[in-house]
Amino acid sequence: MSGARQSSRLAEWDAGATTRIVEDLRHLDGPLLAILHALQDRHGYIDDQALPIIADLLNLSRAEVHGVVSFYHDFRRRPPGRHVIKLCRSEACQSVGGERVARRLEASLAIAAGETTPDGRVTLESVYCLGNCALGPAALVDGKLYGRVDEKLLRHLVSPEVAA
Amino acid sequence: MTVRLFVPRDAAALSVGAHGVALAFEAEIRGRGLDATLVRNGSRGLFWLEPLVEVETPSGRVGYGPVGPGDVPGLVDAGLLTGGAHRLSLGPVEAIPYLANQQRLTFQRCGVIDPLSLDDYAAHGGLDGLRRALALGGAAIVDAVAESGLRGRGGAAFPTGIKWRAVLEAEADIKYIVCNADEGDSGTFADRMLMEGDPFLLIEGMAIAGLAVGAEKGVVYVRSEYPHAFRRLGQAIDIARRRGLLGFDLLGSGRRFEMEARLGAGAYICGEETALLESLEGKRGQVRFKPPLPAHHGLFGRPTVINNVISLASVPFILAEGAAAYRDLGHGRSRGTTPIQLAGNVRRGGLIERAFGLTLGEIVEDYGGGTLTGRPVRAVQVGGPLGAYWPTSLFHVPFDYEAFLERGGMVGHGGVVVFDDSVDLAAQARFAFAFCAHESCGKCTPCRIGSIRGAETLDKIIAGEAPEANGDLVRDLCEVMRDGSLCALGGLTPLPVLSAFDHFPEDFERRPRSAAP
Chain F
1 MSGARQSSRL AEWDAGATTR IVEDLRHLDG PLLAILHALQ DRHGYIDDQA
51 LPIIADLLNL SRAEVHGVVS FYHDFRRRPP GRHVIKLCRS EACQSVGGER
101 VARRLEASLA IAAGETTPDG RVTLESVYCL GNCALGPAAL VDGKLYGRVD
151 EKLLRHLVSP EVAA
Chain U
165 MTVRLFVPRD AAALSVGAHG VALAFEAEIR GRGLDATLVR NGSRGLFWLE
215 PLVEVETPSG RVGYGPVGPG DVPGLVDAGL LTGGAHRLSL GPVEAIPYLA
265 NQQRLTFQRC GVIDPLSLDD YAAHGGLDGL RRALALGGAA IVDAVAESGL
315 RGRGGAAFPT GIKWRAVLEA EADIKYIVCN ADEGDSGTFA DRMLMEGDPF
365 LLIEGMAIAG LAVGAEKGVV YVRSEYPHAF RRLGQAIDIA RRRGLLGFDL
415 LGSGRRFEME ARLGAGAYIC GEETALLESL EGKRGQVRFK PPLPAHHGLF
465 GRPTVINNVI SLASVPFILA EGAAAYRDLG HGRSRGTTPI QLAGNVRRGG
515 LIERAFGLTL GEIVEDYGGG TLTGRPVRAV QVGGPLGAYW PTSLFHVPFD
565 YEAFLERGGM VGHGGVVVFD DSVDLAAQAR FAFAFCAHES CGKCTPCRIG
615 SIRGAETLDK IIAGEAPEAN GDLVRDLCEV MRDGSLCALG GLTPLPVLSA
665 FDHFPEDFER RPRSAAP
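Those protein sequence lines, which keep their order, are chains F and U. Numbering follows our numbering, with no gaps: position 5 of the first sequence is 5. Numbering follows our numbering, with no gaps: position 157 of the second sequence is 321.
If you're looking for bench data, these hints aren't it; they were derived computationally from the structure. Check each hint, because a few of them may be wrong.
[Claimed, not checked] Which chain F residues face chain U? A few, computed with CB under 10 Å, are given here:
1. W13
2. L28
3. D29
4. H37
5. L57
6. L58
7. E64
8. F75
9. R89
10. E91
11. G97
12. Y146
Where is the CB? At the ideal position from N, CA and C, for every residue including glycine.
Model the full assembly from the supplied sequences, consistent with the hints where possible.
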């Protein structure tokens, strides 16, 4: 699952692993999304070098594979930071101050949503609803769901002490 | 006798510390040698009480909440295992008014049973619907669903029986049952709760759908924002397969039904049924032209039933108890019960399964208890990001598909998001356009371009630039998007925008240029 494993434990991209993943999953009906998820679970992102391999093994054009990878918000094209915060930006979380949390977090991490801190520690991503709408603002931090979050809690969860 | 103690593993309960509570109870049970066992149930949907711990006593289940890990030793000291009194005592759980004043049919087991115990499921009425369906045969199952008056709970409210009949009557070598679990609307969590708290119910509903239309393959498309639900459903499918609830010989009947769960990838548009089918085929989630309908030309071009989680999960009750038991509940042409999801800035947020017909005011004030912040309610958005913003002057409107349509709104998937008086409806209208722009699949121009132009024009209004002329422009644009878009994303984005203009005009008028934020 995307975000379930973080890059401190993520494998470097390699062609052999991509080939194995595609061969393991190509028996599925419509396997491309499952393959991309498996790649992102392993590496934290989809390396550009994986695209021609996938295209070749699935008998698709590179453009088709590129079209799918670029369509879905989940798939990253660059390695994420060691921690990933997916902060909900939808209406239910807005109604309880979610945007204030987002602004403060962007300011304190000195990055915008969608970016990674220069030290490679934290990636901040926006998501649109985590289904925790009665306990907002909500965030998924390294695959774990949190409710009633504020900027302080989120910074704590990705601080070096907790990271260890 | 070993006492059963319940600590939810529902994602929302986990989000406020249920895992730590479970660990603390395990330590107490071990440390004190208590004769108790921990069950990880789903959630009752009383989220302001989570983590809600329950104990099975001779006089029924007794609740405590919200419990933190630090409360656990004190709770055990207070005699929690026999339902002893404590400052966190809630008394008998089913007597809590929020829950007592519900009609739980679809959610009757959610939060009650161990979600991964098929025996627990069967002991609480599970599988009765499937057994009845096996005795009835396809056409009679479709008749029962049609007679029940069930309409699609995903948001479009299309009669489920009509959809199923079209697939039953279609000739094909392969047919599919697809479950839409891409619950992307903000303010909704019914699908998530059900997949986490009673996943066998969805499996049973899908198997019944398969028997009804002659499909032997089912696929659940779960959004990636729901990692807990995806895992739980996968585990339940494995168990169901091992126990003969799925596979080559459904409950020993000789009938076949197989299913799997697939993960989405963060695209709201894939909640639209044809985009979802494209995505399942491994493609970009772009909307298809209709016709042909999915009932005739669905997944991989085959006849396909595509229904929301709650629609499919409503079917076992209808089969087990009869169509009339379902149809006799409700309001107008909206029959049966629906899970209303109360969310946002509200004191008591949660899931309310009731027959259609509650008023918005009853939902927000009586169940919800007003806002979390304690400030006055100013607006509620019903039906997700494509639903209208309602002022309190419309709180008398009953929760009913037609009643909402008549007033320029929609019930959608049943999410109700409460805002206090600090909300700025111009900002919310802008967000509606921006969200549409972010999620548009790009296939049709009114949605792809219109949403961006809409956000830009709202920026001008917010900056105090010719608010009247730009307001007229937004209304024109909304007409084009409503009439010219291929699907509901572009077609319904005008609902939140226009309702904000119509019901909260002061938020668009009051800004002189100098006061722009």
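Task: Per-residue hint verdict: F/Y146, partner chain U, C-beta under 10 Å - done: 5 Å, holds
Open item on the list: Next item in the hint list is F/R89. Is there a CB on chain U closer than 10 Å to its CB?
Closed with: 9 Å, holds
TODO: Could you check if F/H37 really has its C-beta closer than 10 Å to a C-beta on chain U?
DONE: 6 Å, holds
Open item on the list: Interface hint check: F/E91, Cβ to nearest Cβ on chain U, cutoff 10 Å. Holds or violated?
Closed with: 4 Å, holds
Open item on the list: So, as I understand it, the hint says F/D29 touches chain U; can you test that by seeing if any CB pair is closer than 10 Å?
Closed with: With a minimum Cβ separation of about 7 Å from chain U (threshold 10 Å), the hint on F/D29 holds.
Task: Restraint check, 10 Å cut-off on beta carbons, for F/G97 near chain U - done: 9 Å, holds
Task: chain U contact restraint on F/W13 - CB to CB distance below 10 Å - done: 19 Å, violated
Task: Hint validity - F/L28 Cβ closer than 10 Å to any chain U Cβ - done: Holds, about 8 Å.
Open item on the list: Let's test the interface hint: is any C-beta of chain U closer than 10 Å to that of F/L57?
Closed with: Since the shortest Cβ distance to chain U is 13 Å, the answer is violated.
Open item on the list: Quick check on the hint: F/E64 CB to chain U CB, less than 10 Å?
Closed with: With Cβ-Cβ at 8 Å, under 10 Å, it holds.
Task: Interface hint outcome for F/F75 [beta carbon to chain U under 10 Å] - done: Holds: closest Cβ of chain U sits about 6 Å from F/F75, inside 10 Å.
Task: Interface hint outcome for F/L58 [beta carbon to chain U under 10 Å] - done: 8 Å, holds
Checked against the numbered hints above, the structure breaks hints 1 and 5 and satisfies the rest.
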